[in-house]
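Engineer: Sequence:
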Amino acid sequence: MKRILLAPVALLLSACGLVNPQPPATPTAIPTAAAPRRPTYTVQRGPVERKIEFLARIQAIEDQPLAFEVEGRVARVNVSIGDEVTAGQVLAELDTSDLKNQIEQARVEFLTSQLVLSRTLATFTETLQAAEIDLDVAQLRLAQARARNFGPSIELAKAEIARAERALADANAGLNSARNNEADRDMIPGFERMVLDAQIALARARAEYERLLQEQAAHQFDISILAKEVERAKLALSRVQSSIDPNLERAVEVSRLTLERLEAQLSRAQIVAPFDGRVSSHNLAVGRTVRAFDPVIIISKPGGLEAAAELNQSRLAEIAVGQPVSVTLNSVPGKVYRGVVRRLPQTGAATTATDRSVRVTVEDADADLREGDLARVTIITARKDSALWLPPQAIRNFQGRRFVVVRDAEGERRADVKLGLQGDDRVEILGGVLEGQVVIAP
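Basically this note's numbering = 1-based index in the sequence shown + 903.
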């Protein structure tokens, strides 16, 4: 019975932790992680180069990228890649149905305005000719009137009066002499007739003189009237000359310019081969919308090949015609060819040139060049053969301050550096560190 009671008591004491307590488990020690060792770089002396690398495509030396000069939707593509073409051949066309309708409407407006103007000019010409004739007649009449000279007739009339006065005086003297001389009395009747005839002749001469004076005065009035007729004819001619509506001529000119502009726009909606050659590439499809002056077809002349690539302005600024280059071909890996920059593209906001590629001549590679292959072109734009340098990743930049962390016997310290020529994998150090010093990477 006692043995039976001891078992529950033992169990109770064990539950209370009073019987056979277990020692706590010893924790596993975790080793402290070693700080990663940062890479270091040694300041070295050697060549530093700045170079430009870009991918280019092998294509014909004499080729021409072609583009539409207006934006629109492609209606017809008349060639495929590899097709032979001739100069003047239409290679592709934009949808110009609306434009052609506009051209027909503009042509009708131009012809209509021309017809209205020609009819108006015909009537105007007849009226103008009549007015010009009237002016000529008036001017001739005035000239004729001014040409008449009364001076000689008046002077002749004056002389006739003087002669008649002398004849009358002579007749009166003879009559008086006959009356005073008994021997001549039988001559009195004859002298009396002579006096009467002389008086009549004098009266006629004076009357003719007065008539001429009056006619001269009247003639001056006639000249004034004819001068006014000339002025009136000039005014009539001026009214006729200004009677044609200037808007008619303006309408013809405006409609002509509109028609020419639309016809020029129609010609710009086609791509025409500028020379005999072969279509080396195109990216056209019927229904596709294209932008103005975006090259869409390239045709080339048979002949040599070269590398061509389009570069941004920042890269173009470092390249010049004649610069030596090195070229590797994807089709001939591991082989490096020499070359030279043959041509740079036209630049500037005003240019509309479709060929915006840099052209590179590849030397001694005719057997390896295949049109359409890719090539990598490398151009060294600057080089220093013996310069202190560090890799770009060794240089730190904080708020425009360029510095490195130098490790030496005394520890680590910061050193400001002055940079020179900067390449892809080396940066020239002009000051701040010495050759052989060790620099810690950021």
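For the record, the hints were derived by calculation from the structure and aren't laboratory data. None of the values given here were measured: they were computed from a predicted structure. Be aware that a few hints might be false.
With a Cα cut of at most 25 Å, we get these calculated BS3-like pairs of lysine-lysine [claimed, not checked]: (1) K954 - K1204; (2) K1061 - K1321; (3) K1287 - K1321; (4) K954 - K1238.
Derived DEER-like restraints, expressed as beta-carbon distance ranges [unchecked claim]: (5) A1188 - G1334: 52 to 62 Å; (6) Q992 - D1197: 52 to 62 Å; (7) R1022 - V1157: 42 to 52 Å; (8) E1156 - R979: 28 to 38 Å; (9) L1219 - D1179: 26 to 36 Å; (10) E987 - A1285: 15 to 25 Å; (11) R976 - R1164: 15 to 25 Å; (12) D1197 - A1285: 47 to 57 Å; (13) V1157 - D1179: 12 to 22 Å; (14) V1235 - D1179: 37 to 47 Å; (15) E1166 - E1035: 15 to 25 Å; (16) Q1302 - Q1325: 11 to 21 Å.
Ideal placement from N, C-alpha and C gives every residue a C-beta, glycine not left out.
Engineer: Hints first: check each against the structure and report whether it holds.
Structural biologist: The hints, checked one at a time:
no. : hint                      : verdict
1   : K954 - K1204              : 32 Å, violated
2   : K1061 - K1321             : 122 Å, violated
3   : K1287 - K1321             : 16 Å, holds
4   : K954 - K1238              : 19 Å, holds
5   : A1188 - G1334: 52 to 62 Å : 60 Å, holds
6   : Q992 - D1197: 52 to 62 Å  : 21 Å, violated
7   : R1022 - V1157: 42 to 52 Å : 19 Å, violated
8   : E1156 - R979: 28 to 38 Å  : 34 Å, holds
9   : L1219 - D1179: 26 to 36 Å : 32 Å, holds
10  : E987 - A1285: 15 to 25 Å  : 45 Å, violated
11  : R976 - R1164: 15 to 25 Å  : 21 Å, holds
12  : D1197 - A1285: 47 to 57 Å : 34 Å, violated
13  : V1157 - D1179: 12 to 22 Å : 41 Å, violated
14  : V1235 - D1179: 37 to 47 Å : 31 Å, violated
15  : E1166 - E1035: 15 to 25 Å : 40 Å, violated
16  : Q1302 - Q1325: 11 to 21 Å : 19 Å, holds
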